[in-house]
Amino acid sequence: MKTAIPRLRGGLTPLVAVLVVLALFPIIGVPRVWLLYLFLFFIYLAMANMWNLLAGYSGLISLCPAAFIGLAGYTMTIMTWLGLPYYVGIIPGAVVAALFAGLISIPVFRMKGIYFAIGTLVVPEILRFVFLLWKPVGGPMDGLGRGYTVQGVADVPMAEIYWLALAVGVASVFLMRAILRSKLGTGLAAIRDNDDTAASSGINVFNLKLYSFVIAAFLTGIAGAVFYIYQGFIEPMSAFSIRWLITIMLATVIGGEATEEGPIAGTIIVVVLYFLLARYANISLIIQGVILVGIMLLAPQGIMGSIRKTRAYRSLSRLATRL
Amino acid sequence: MGILLGGLYAVIALGLSLVFGVVREINIAHGDLVILGSYFGYVAMTAIGIDPILSLIGGIPLLFGLGFIIQKYLLNRAFRISLDATLIIAFGISIILQNTYQLIWTPFPQGLTTSYALESFTFGPVRFPLTYLLNFVVALLVMFFLREFLKRTYLGRAIRAAAQDRKAAHLMGIDTDQVYAYTFAIAAAFAAIAGIFLGLTFPFTPISGMAYLIIALGVVVLGGLGSILGTFIGGIAFGLAQTLGGYFLGVAAQMLVAYIMVLVVLAVIPRGIFGR
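Note that the protein sequences, when read in sequence, are chains A and B.
Quick note, the first sequence lines up with residues 1 to 323 if you use our numbering.
Quick note, the second sequence lines up with residues 1001 to 1276 if you use our numbering.
Just chain A, with the same shape it has in the complex (with noise of 0.2 Å):
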């Protein structure tokens, strides 16, 4: 099926110029407030990419990316903890989001489908408890709600974050291309058609599936270090908090599952939707759901998966690829 979608060939001139025209934003003086929208949506572009890598092209529906979060996010924050400088943190948080993901394959693996989703749904919960009763350091924070300040941000640049989340987000649109267009990718498409004629032509289903699972908690960890370096505070309730699958989700399934360009066009919308919603605070979450609900029910390709239905753009990516 992939195959027969026609790729744009317009070269990477235009991609470059969006680009350099974004990580020059906060040098020209760009409001901080668009510093700060563009920002969530680079965080919840990586987030909705790895949310896509699993559950459009593994077949997998994980329902705990809030766990890598939390747990890069506070790996993150005991290490500033630890007088270490805030990036140097990162990439141990997402070291340690991935090898959880490791580690919680062994139980969640053995589960299928529906049961997978019911088994991740569980780990959040599971790590929320743990860090309401463990203390990793002291410290002044401690207390209720177990929350840490992450030291030493205070006085750090919105450009600098900015241009951190920037990174990533792009960082993970160049991976979703790069692993969709491997051997792993493949080995993934084949696997979400019929994971028995899969696994009968000679592909390793758990090796794959677990290649995936933990990548996508890499980069997901990632992502969420860097949104607590911004937020400069963590806690337990809203580190492992089910609010992040809500957005993650969202942007995917707006954008439209097993499309590479869904993410985009959904993390979009779900940024725009912040900004409008924002001022409705207590009726923000209903709304969502109910876009959820309607975006299942009416369009459950999503945005991208409806667009290439249509002639229009048949036609016109029939131009492109002919130019």
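The set of hints was computed from the structure by calculation and includes no laboratory data.
Hints may be right or wrong, so weigh each one.
[To be verified] Partial list, derived from the structure: chain B residues whose beta carbon lies under 7 Å from chain A:
1. D1084
2. M1261
3. V1262
All values reported here derive from a predicted model rather than from experimental measurement.
A virtual CB, placed ideally from N, CA and C, is assigned to each residue, including glycine.
Once you've looked at the hints, dock chain B against the given chain A.
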């Protein structure tokens, strides 16, 4: 005490088990439907002043209707798309319900504090809260009712037929979509009952549905798909695990013990004790 608490878990899990066993979908919103039952009892008690258990006369039909609508107009359609779609839509419903409760009833914990909710009785050396005994008796009654219903009525037989083989049931002239809608509605009615007794036993918040959903999932999986007796035994196992965990590791750790048990059960015996 854990055994008696298990009765409550069995009632909570029964609706989930029914939908899981018949429709083959995991209703992630089940916990939230249970909490809706609790809030219904709360409103009946505070606004109108009737006893929560009596309020079930209104609560059961309300949730029955709501469940029917959810399955008939949302989940039945989702089925034709994919299995993932039902999961995601149920998740969406759960988000909507939770945040609606939060909007109407504030995020603060509420409880159904009736005169008898605080009573207790002694049995041998230990004192039991009366509500725990109540939970256990209700669990037995509800399960007996469900068993007889599935055995003796036309709808019950249709439900069992659809559960065993959807296509064959369809060929026999059973409108499976309609049967699924009724199944879900019955499950929601059980959620109404579970909600009342949950509210009598523990305080609840708009988001406690998730915790009970997870335990209920553990109960259902441990007991085995679609087995009423299995659900009951699973409920008792979880009640015991939670109580013993709380006793040995402290109150804060008791949910942790139950959650880890869910994960272990899922990984080790996904088909359950009484699974087919």
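Status of each hint after checking the structure:
Taking 7 Å as the C-beta cut-off, the interface hint given for B/D1084 holds, the closest approach to chain A being about 6 Å. The beta carbon of B/M1261 is not positioned within 7 Å of any beta carbon in chain A (closest approach about 10 Å), and the interface hint is therefore violated. Checking B/V1262 against chain A: minimum C-beta separation of about 5 Å stays under 7 Å; hint holds.
In summary, the one numbered hint that this structure violates is 2.
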